[in-house]
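S.K.: Below, each chain spelled out in residue letters.
8 protein chains.
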Amino acid sequence: MKVMIIMGSKTDESVMQESQNWLNWFGIENEMVVASAHRNPDKVAELMKSAKANGFGAVIAAAGMAAALPGVCSAYTSLPVLGVPLDGGLPGGIDALYSIVQMPAGLPVGTLAVGKAGARNAAVLCARIFALSDNAIAEKVEAFKAQEYKM
Amino acid sequence: MKVMIIMGSKTDESVMQESQNWLNWFGIENEMVVASAHRNPDKVAELMKSAKANGFGAVIAAAGMAAALPGVCSAYTSLPVLGVPLDGGLPGGIDALYSIVQMPAGLPVGTLAVGKAGARNAAVLCARIFALSDNAIAEKVEAFKAQEYKM
Amino acid sequence: MKVMIIMGSKTDESVMQESQNWLNWFGIENEMVVASAHRNPDKVAELMKSAKANGFGAVIAAAGMAAALPGVCSAYTSLPVLGVPLDGGLPGGIDALYSIVQMPAGLPVGTLAVGKAGARNAAVLCARIFALSDNAIAEKVEAFKAQEYKM
Amino acid sequence: MKVMIIMGSKTDESVMQESQNWLNWFGIENEMVVASAHRNPDKVAELMKSAKANGFGAVIAAAGMAAALPGVCSAYTSLPVLGVPLDGGLPGGIDALYSIVQMPAGLPVGTLAVGKAGARNAAVLCARIFALSDNAIAEKVEAFKAQEYKM
Amino acid sequence: MKVMIIMGSKTDESVMQESQNWLNWFGIENEMVVASAHRNPDKVAELMKSAKANGFGAVIAAAGMAAALPGVCSAYTSLPVLGVPLDGGLPGGIDALYSIVQMPAGLPVGTLAVGKAGARNAAVLCARIFALSDNAIAEKVEAFKAQEYKM
Amino acid sequence: MKVMIIMGSKTDESVMQESQNWLNWFGIENEMVVASAHRNPDKVAELMKSAKANGFGAVIAAAGMAAALPGVCSAYTSLPVLGVPLDGGLPGGIDALYSIVQMPAGLPVGTLAVGKAGARNAAVLCARIFALSDNAIAEKVEAFKAQEYKM
Amino acid sequence: MKVMIIMGSKTDESVMQESQNWLNWFGIENEMVVASAHRNPDKVAELMKSAKANGFGAVIAAAGMAAALPGVCSAYTSLPVLGVPLDGGLPGGIDALYSIVQMPAGLPVGTLAVGKAGARNAAVLCARIFALSDNAIAEKVEAFKAQEYKM
Amino acid sequence: MKVMIIMGSKTDESVMQESQNWLNWFGIENEMVVASAHRNPDKVAELMKSAKANGFGAVIAAAGMAAALPGVCSAYTSLPVLGVPLDGGLPGGIDALYSIVQMPAGLPVGTLAVGKAGARNAAVLCARIFALSDNAIAEKVEAFKAQEYKM
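Residue numbers (UniProt numbering), protein chains in the order written: chain A, 1 to 151; chain B, 1 to 151; chain C, 1 to 151; chain D, 1 to 151; chain E, 1 to 151; chain F, 1 to 151; chain G, 1 to 151; chain H, 1 to 151.
So here's chain A without its partners, still in its complex pose:
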C-alpha cells in the first residue's frame, strides 16, 4: 500500500517534503500530488475515487487558509485521511487548523499539528496504521520508538 501526499498548492511542497522524507524512512511507498479542492475539484475527486484501486492505503492532505482539501478528500474516499494544517493565512495557521479539524460527524480527518511537526507526524501515523498489517513496517515503527521517536 502506498500513501498519497496531496497538497493544495505548489508552495506547500517544502513543508510536505517532510512527510515524504519520513515515509521513506519507514519504507512506505508514496506519491506527492498538487491538487486543490478549489482550483481543481474534479481532479481531487478523481484522485480520491481511484485512490484505493490505484494501490493507496492512506491519504495525507495538506492545505492552508480555508483548508477544504482534507475534508473534501475524506468525502470522496473511504481510505483514512490525515490532515496537515499549514501556515500562510492567519497567524499560526489557526484558520487552516479549524478548517481541517472541525469536520462534521461521519467524515473524519485525523488532524496533526500545524506545519512541519504535523507533516512529519502524518507520516508516522501512516506508519502506525500500515504496521497493523505489515510486519516490515511494524518493525520500523518499533525501531523508531526505540530511538525515542527521533530521526
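For the record, the hints were derived by calculation from the structure and aren't laboratory data.
Heads up, some of the hints might be wrong.
[What the hints assert, rightly or not] In silico DSBU-like cross-links for lysine-lysine, where the CA-CA straight-line distance does not exceed 35 angstroms:
{"no.": "1", "chain 1": "A", "residue 1": "Lys145", "chain 2": "H", "residue 2": "Lys116"}
{"no.": "2", "chain 1": "H", "residue 1": "Lys116", "chain 2": "G", "residue 2": "Lys116"}
{"no.": "3", "chain 1": "B", "residue 1": "Lys116", "chain 2": "B", "residue 2": "Lys43"}
{"no.": "4", "chain 1": "D", "residue 1": "Lys140", "chain 2": "B", "residue 2": "Lys116"}
{"no.": "5", "chain 1": "E", "residue 1": "Lys52", "chain 2": "G", "residue 2": "Lys150"}
{"no.": "6", "chain 1": "A", "residue 1": "Lys49", "chain 2": "E", "residue 2": "Lys10"}
{"no.": "7", "chain 1": "G", "residue 1": "Lys43", "chain 2": "H", "residue 2": "Lys116"}
{"no.": "8", "chain 1": "D", "residue 1": "Lys140", "chain 2": "D", "residue 2": "Lys43"}
{"no.": "9", "chain 1": "H", "residue 1": "Lys43", "chain 2": "H", "residue 2": "Lys10"}
{"no.": "10", "chain 1": "B", "residue 1": "Lys145", "chain 2": "D", "residue 2": "Lys43"}
{"no.": "11", "chain 1": "H", "residue 1": "Lys150", "chain 2": "F", "residue 2": "Lys10"}
{"no.": "12", "chain 1": "F", "residue 1": "Lys116", "chain 2": "D", "residue 2": "Lys43"}
{"no.": "13", "chain 1": "F", "residue 1": "Lys150", "chain 2": "C", "residue 2": "Lys43"}
{"no.": "14", "chain 1": "D", "residue 1": "Lys43", "chain 2": "F", "residue 2": "Lys145"}
The hints should help you fit chains B, C, D, E, F, G and H onto chain A, whose structure is shown.
M.R.: Okay, now just chains B, C, D, E, F, G and H, sitting in the frame of chain A:
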C-alpha cells in the same frame, strides 16, 4: 434571476429561513437546497455547474464547523457566491467564519456575519447585486434604505 | 460600470494595487481613492452618495485596525460593497476582519480574506457580479476559471 | 456640560441605562439617543457636529458587533468620546471591543470594558473629566472614591 | 482487532458513548476504560504497553482541559492513537484541542473535532483503518458512505 | 494642568515618546515617569495620590504583559486615567489589552489601541479633555481636526 | 503557617470556598479576606506587608476581569503567591488568565486553572509547599496522592 | 533542597538557562535535565518518583506545543511543580500555556508567563517557597525585593 440558498445540513434551515424571508421581501425568486460539500459532493458539484443555466444569478451558501461548502460552491460556478458562517462548533462560529472567509486568491466568497445577521445580509447583498440590472429590485433596495435598512 | 477601490490610508495602496491589477485583467474600469471613514467622513459620504450616478457598479473598501470604512460605505450607497481587511493592528488583521465582517442585519459587506488574497478576490467577485449583465466580462470570468483561477 | 449617551440600537438601552444611572448619581445632566453609524449616519454626523454647541461636554458611544459608532462619533466631534463595546455578536463582544479600541492614530476613543461594567465606567470617567472644571462633581468623585468606588 | 476507548474521567462517558455506538455499528469490538494521564499514569502506561498484545488495533483517547492523555497514550504504544478534545475548561474546548493536536514531531495523535462530532469521527476513522485489512469492515465503510455518512 | 505619562519600564519609553511628542504639539505640559505597579507600588501610589496637588489633570499609563499599572493608577487618583497597552508578551499585546480595558465597575481606564497608535491617541484624548476648559488647547484641537487628525 | 485566601470581590466567595474546603482537608489553617487591588489598594498593601509576621506562609489570590490582585499581592509580600483566574468578564475568564499569568520577570504568581479547578489546585499546591517543612501535611499530601488526587 | 529544571527538548535550554541563572543568584542548588513526557515517559516517571529522595524540593518543568510535561511531573511527585510554557508552536506559545495551566482539580502546576519571563519567575517562586524554611534564601529574597525585583 433566482438565488439558490444552499446549506450543509437540514438543521441550518431555521437560520437560513432568514435569507429566504428577506429575499422574498425584495421580490427575488429563490430556492432552498440542502446539500453538503462533504456528504453529497457530487450533488453540490452538479447543482453549481448547472446553476447559471437553471436561471440562478447568485448563490448563498451556509455551513458550520469546517465550513467547506461556500468555497466548494465558488469552485464549481462562476456566479457570485456569498457565505454565511453558522454557529454549532467552536463558540461564536469562529471555525466556520475562518473556513469561509479565508479563501485563497482566485475563488472569492463574499462572507457575511455569523448567524442570523449574516443570513439576512446575504439576502440584502443579493438584492444590491441584482439591482444593478433590475429596476424593480433597485427600487426595493432604495425603499429598504429609506426605512433605515430594517424590516 | 466601474469599480471604486477605496482605502483608508495611502499606506494601503501596495496591497490594494492587487485589486486594481486583477480588475484590469477582467477589463473592468476602476478608480482608486484614499478616503478614511474617520479622517474624511464627509468625503466618504459624498463619494458613496454619488457613486452610482458617477457610473460605479460596486465598491471595494479596504481598511485596517478598527476598520469602519467598508461598513460606512455600505451605509451611504446601495451598490454592492466588498470589504478587504488589512493587517497592521492586531496580528493577522483580526481586528479589521471582525470590524468588517460582523455587520448588523440590513447593511451587508461581502468580506474577503485578510490582505492580498482578499484584495485579489474582491476583484474577482466584482467580475462575477458584473458578468451577470456584461457578456465580455462573463467570458473573461469563464476564461479565468478555465485557467484554474490563476493569473 | 451634559453627556450624550448614544447607542446603535434600541436594544442596547438596558445596558446603557447603567451609564445614565451612574451619571445621575454624579449629578451630571445627560441625554440618551439611539442613532446608528450604519442606519442613520447623517443623524449621527449632525448630532456630533452640533454636540458642543448644544451644551455637551462628552460623548458615551456604545455599539455591538462591527461597532463603528464610537469611532465615527470621534470623527465628527472634538469632544472626548468614550466607547462601550456590547455583547451580541462574537462571544464576549470581542468583535465590538476590537472595532472600538483599535482606532488609528489621531482619533481617540477611550474604551471601557465590554457590557455593564463598561457602561458604568464610562459614566465615572465622564465624572472624572468634568471634575477637572466643576467643583460639585469633583466632590462627588471624591465621595465615590471614599465609598470604594461602589454605589 | 479491538479498539480501546480511553477517557480521563468518568464524566466523559456520555460523550464517548458516541464512539462506542458508532464502532458497534461497524461491527468493531471495543472496550471503554477510564484512566487519567494525571491520576493514574501507571495504569495508562500499563494499558498502552499491553494494548497490542491484548488484541487492540487502535486507541481512541479523549480528555478535556490540559488534555495530556492522548499524547501520553501515543508515547506508550505504537498503535494508531486518535484524540478527541472535550469541552469543560475554556469555552469550546480550545484548551483540550491545542493540548491534543499540537504534538511534537515523532508522536502523532490523529485529532478529531471537539466533542460529540469528534467522538463519532474517531470511530469512523478506526473503521477506515481496520478496513484496510478487514473485508467485513470495509463493506460496512462503503455502506456508511453510500448512506451519506449518516446513521 | 499637566499630563503625567507613566510607564512600567524604561524599555517602554520609545513608544511612549509618541505621547509626549503629540502632547507637546497641543502645547500641553507633561512629565514622563518610569514606575511599575509591581516593582515600585509605593512610588506609584505616592505619585498618584499627589498628582492633582502637583498640577496634573490627567494620567497616561502604559504597560505590557499583565499590565496592572493603569488600573492601579485609577485606584489611587481621581484624575482621568488613560491606558496604553504595549506589545511584548502575547502577540499583539493582547494580554496587556485585556489587563487594561477589562476594569471592574467603578474604576475606569479609558483604553486606547495597542502600541504607537494608542500612545498618540492618549495624547489627543488628553487634549480633547483639557480643551473643555482651556481655549488655547481647544483651538489646537480644532486645528488638528482641520488637518484631518494628522501631524 | 496559615494560608491567606484573598479575593477581589464578595461574589468570588462561592468559587474560593473550594480553596478553603481543600485546605481544611489538608489540615492547613486559613483565612478568607475580601480586598480589591482597585477598591482597597491600601488594605491589600497592608495585608501583604504584614502577612508573614501574622503567621501566613502563602497567599492564594483570586480575581476576575482585569485581575491585578495576584500581581499586586506578589509586589507587596515575599511569600509565595498563587493566582486563580475567575470567570465573569470575557468568556472563559481569558482576560483574568492573561492578567494573572503574564507577570514580568521578578514577580512570580503561580497561576492555576480558571475557576473551581484552579481554586482547588491552589490549595493542593499550598499543601505541597507546606509539606516541605511539615510532616503532618506531607502525610496528607501522600494520602491524597494515594487516593488519586480526589476528595 | 535542590530544584530540578526539567525540559522536554534540548532546544529549550537557552530559555531555561534563565531559571538556572536566577536560582544560582538565590544560592539554590539545581540540576538541569532534558526528558520528555512523550519521548522518555519512563525516564520522567523515574526522575519524579525519586526526586524527593534525591534531595529535590521543587520541580520547574518547561515545554512547548502540547506541553504535557509539567502535568505529568505533577502526577508522579508530590513536590511543588512549576510550569513554564515555551513558544514554538502556535504564536505566543498559547498552545503550551493552555496545556500547562488548565490542569484538572487535584494536580496543580503553578504556571508562569510564557518564555524567558516565566523561566525567571519560576526561579523566584522557588526561592520564595524555599525561603519559608531556609533563612539564607529568605534573606536573598528580601534583598531581591529591595532591589525592585531586578538582577
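S.K.: Take the C-alpha atoms of Lys150 (chain F) and Lys43 (chain C), compute the straight-line distance between them, and say whether it is at most 35 angstroms.
M.R.: OK: Lys150 (chain F) and Lys43 (chain C) at ~16 angstroms, within 35 angstroms.
S.K.: For the pair supplied as a hint, Lys140 (chain D) and Lys43 (chain D), confirm whether the alpha-carbon distance does not exceed 35 angstroms.
M.R.: Within the cut-off at roughly 33 angstroms; holds.
S.K.: Taking only the CA atoms, is the gap from Lys49 (chain A) to Lys10 (chain E) under or equal to 35 angstroms?
M.R.: violated (41 angstroms)
S.K.: Checking one constraint from the list: CA of Lys140 (chain D) to CA of Lys116 (chain B), max 35 angstroms. Satisfied?
M.R.: violated (44 angstroms)
S.K.: Check the hint pairing Lys145 (chain B) with Lys43 (chain D) against an upper bound of 35 angstroms on the C-alpha distance.
M.R.: At roughly 14 angstroms apart (the allowed maximum being 35 angstroms), Lys43 (chain D) and Lys145 (chain B) satisfy the hint.
S.K.: Hey, Lys145 (chain A) versus Lys116 (chain H), does the alpha-carbon distance stay inside 35 angstroms?
M.R.: holds (32 angstroms)
S.K.: For the pair supplied as a hint, Lys43 (chain H) and Lys10 (chain H), is the alpha-carbon distance within the 35 angstroms limit?
M.R.: holds (15 angstroms)
S.K.: Within 35 angstroms, alpha carbon to alpha carbon, are Lys150 (chain H) and Lys10 (chain F)?
M.R.: Holds, at roughly 13 angstroms.
S.K.: Would the pair Lys116 (chain F) and Lys43 (chain D) pass a check requiring their Cα atoms to be no farther apart than 35 angstroms?
M.R.: Between Lys116 (chain F) and Lys43 (chain D) the Cα gap is close to 32 angstroms, so the pair holds against 35 angstroms.
S.K.: So if I understand the rule, the pair passes when the alpha-carbon distance is 35 angstroms or less; does Lys52 (chain E) with Lys150 (chain G) pass?
M.R.: holds (31 angstroms)
S.K.: Hint check: Lys43 (chain D) vs Lys145 (chain F), CA-CA at most 35 angstroms. Holds or violated?
M.R.: holds (20 angstroms)
S.K.: Lys116 (chain H) and Lys116 (chain G): Cα distance at most 35 angstroms?
M.R.: Cα-Cα ~29 angstroms, so holds.
The structure shown violates the earlier hints numbered 4, 6.
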